[in-house]
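Required output: the full structure, derived from the provided sequences and hints.
Under this note's numbering, the first residue of the sequence shown carries the number 1, and numbering increases by one thereafter.
With a straight-line Cα cutoff of 27 Å, these simulated DSS-like cross-link-like pairs (lysine-lysine) come out: (1) Lys118 / Lys144; (2) Lys102 / Lys69; (3) Lys136 / Lys99; (4) Lys137 / Lys69; (5) Lys69 / Lys144; (6) Lys102 / Lys144; (7) Lys114 / Lys144; (8) Lys136 / Lys69; (9) Lys137 / Lys102; (10) Lys99 / Lys144.
Just so you know, these hints were derived from the structure itself, not from any lab.
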Amino acid sequence: VTATNSEGTVEAESEHGMAIPVRTILSKETPSIPPTVGPTAPTAAQILAALGTQLVRVHSSVRIASVLKAGGYSFSLLAPAAGTVELEWYEFIRGAHGKTTKLVVAQSTTSFAKALTKGTVHLRLTARGRRLIAHKKQITLRAKAVFRVLHGVSVTWLDPILLRH
Numbered sequence: 001v002t003a004t005n006s007e008g009t010v011e012a013e014s015e016h017g018m019a020i021p022v023r024t025i026l027s028k029e030t031p032s033i034p035p036t037v038g039p040t041a042p043t044a045a046q047i048l049a050a051l052g053t054q055l056v057r058v059h060s061s062v063r064i065a066s067v068l069k070a071g072g073y074s075f076s077l078l079a080p081a082a083g084t085v086e087l088e089w090y091e092f093i094r095g096a097h098g099k100t101t102k103l104v105v106a107q108s109t110t111s112f113a114k115a116l117t118k119g120t121v122h123l124r125l126t127a128r129g130r131r132l133i134a135h136k137k138q139i140t141l142r143a144k145a146v147f148r149v150l151h152g153v154s155v156t157w158l159d160p161i162l163l164r165h
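Following this line, the structure appears as structure tokens:
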């Protein structure tokens, strides 16, 4: 569950919850994003839609073998506004005593000086992430992206992703 208000965004997950993916229509076109100056600055919903459309498309082509070989995954992203995007892939692992811990598989932070500029996101595997996916034919991970608008709001996108060999 993600809650957002004027003071920021908070995320909480249930140990016994189930991720239900949001139905998304894929498009080969870059999403339309309004400029970030003046009264037509993009809303949080517009930023979330633009970010989500792009991330669903790039995540659909990720392959485990290429991620392992490169030590991560790189892709182009069109910034919906000036700001920073933090992206991570993770999974919750149940420990020996039933305690659940978050295992970060890959992570990145990319800054954009201006809206509507393309940048390259370099998502890097963690050592634990490499071990987790090394011998898998496929795995479903959670993807989380937080876009922090320069001098503005933070928008959080969450979606399960399927990595295949």
